[in-house]
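Trainee: Sequence:
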Amino acid sequence: MKNIAITCLVLVAVCAGLQAKKVVKAPYFMATSTNQIEFQKVTLGKDTTWIEAKIYSRPGEGIRIDSTAVVQVGEKMYAYLGGDGFSKEFWTNLPASGELAVTLKFEPIPMDAESFDFYEMPAKKSEGWNIYGVRLDGKKPEIGIPEKLLNQQLDYSQPLPDPDLKNGKTVIRGQILGYNPAYGTTLNFNCSDWFFFDVFGQSLPIAEDGSFYYETNLMIPGDATLRVGRKRFEIFLVPGGELEITFNLQEIYWSESRLFGKKDRRPLVWFEGTYAGLNTELTKYAGLTSIYSADNFYENICGVTPAQYKKYVTKIYEKNRDEILKNKLLSDAARTYMINNLEMSYFFAIKGYKGTISYAPMISGKKGVKRADMTVGENYYDDILKLDFIHSPYIRYGGYPDFVRVATEDFKGKFEPQPIWEDILRAKPLGSILARLKPLSEKQMLTLDSISEPEIKKALTIRNQKVTDLLAESAKKTGYTICQLDTAVTADSLLAVITRPYRGKVVLIDMWNTWCGPCMRAMNSLKPVKEELKDVVYVYVADESSPEGKWKITIPDIHGIHYRITNEQSAALGKLYEYPGIPTYFVIDREGKFSYKVTGFPGAEKMREELIKL
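Using the numbering used here, the letters of the sequence shown map in sequence onto residues 1 to 614.
For the record, the hints were derived by calculation from the structure and aren't laboratory data. Predicted model only: the values in this text are computed from it and were never measured. A virtual CB, placed ideally from N, CA and C, is assigned to each residue, including glycine. You may find that some hints are simply not true.
Claimed, not checked - Computed Cβ-Cβ distance ranges for the label pairs, DEER-style:
hint	residue 1	residue 2	range
1	Gly273	Ser97	43 to 53 Å
2	Lys386	Ala182	38 to 48 Å
3	Gly365	Asp112	36 to 46 Å
4	Asp112	Gly82	19 to 29 Å
Please model the entire structure based on the sequences and the hints provided.
Mentor: Printed below as a string of structure tokens:
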């Protein structure tokens, strides 16, 4: 009887335990900052919340979840208790598969919670792995889509515009459905303009309701890129056109998920306005126009010979070309445009074989790959010199100036020079200067005057005036000071030289750059502290990787003392003080001594604590 009683008690305990659990498999989420971790299952228990997850990265790479990780429901945070499958304190190397199954344990969250947010580093939300709005109802969230988009009828018969030079204002506007400022979603625009390509692109402001608006001058029809979070969209723009774009934010995030990426889903984006049909087609068949979009492209070319590389790249080109030509659903305009871009991509992939092969190990993360002999024969380029796009008028779309440079330098004598080539070669360096938001000098203006093509001259003049106006507008602002630092100042005395004028005051030094997103977000988070602690001296130090023009336009909105040091000084400083990156912060006390140093934004409250205790 005793045994029976014990058994019954055990069964009761088990049943009670089961009743105290809630299990959600493959929970949907609203947004994420990473694709390196995905939640497979969430179990809510009486004493613990378990999250079964998979972590993805390069084989052998060390990973861990920061010990400060939390899940948040409403305003309350629940601490990370450790995990199964890897260490809480130490780094764990990923196996050869590049996948690691783990179980994360947290303090118990309420059983009736509808969703939670996961923050790996809650004090530095811009740096850790974050997953927002993890659903606990087991359902796919419904995103309200305007009826006009669901019943959209587009014109796919519109022919490609002539590739004529004609400056005009182009407008991009739209809406991000499902947008929430807390998600940290960014919208980046990059136009493949003849002369003003910016490798970092232009960050477009997003309103609280998810709407956005941007206008720019274009000189010729061509492609541009919009990046929403990590997702890249190729778009086609024309001078004087207006393109309205609606992004389906959650579907964009789910499309990159290993759990949800292959499930049936609604469109990621809708287009209205100028060439809406063509843009819709280009989005649907994205990836076919670029050689580099092939799966595991850089992994597959590590250590190969030029001949092996050419064979591999040619196979990609022929496969994509065949797929485009056989697709009966494509409009004539889309087919022509895609083939043109594919051939240009193939041309530059073969032409740039040496750099692409050389950088492949670094890009792919494969270390210790032995580099093959890069020597090639005279006939290595014969195939790409016969491509049809070279003789097509649509070659002028997009990266035509790059083709002109290659044709006049590397393949001199292989092509018949066009009258416009000389103007293009003169204009390209001027465009590079203006792309860095630096106005043209008097000498450079003389070069501009020597350009005979009026539309090229007009495009450069418009951009130069825009840059000049931006700098003038910035110069009118107050609350900031630009200081010069002698290039001869060495790292061991650099910070002392910068802070010497402020003895008797607490100084916060912020090492940053204009291209550093976490740096900019941290500055915004620190604004309330700056308003409160007005006696602290705030010093901001960037280096030459911040284009001077961009830097001058950015710093007026960052109140404080500003320095722009050389790259050599910056590198030496990082080595001396052993900080791996930016943002990095130094707190200097009233006697000029180091009080606090940290890489990565520690949070506004932590920074406040370090400043007020001095």
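Trainee: Next, verify each hint and record whether it holds.
Mentor: Here's how the hints hold up against the structure:
no., hint, verdict
1, Gly273 - Ser97: 43 to 53 Å, "45 Å, holds"
2, Lys386 - Ala182: 38 to 48 Å, "54 Å, violated"
3, Gly365 - Asp112: 36 to 46 Å, "43 Å, holds"
4, Asp112 - Gly82: 19 to 29 Å, "26 Å, holds"
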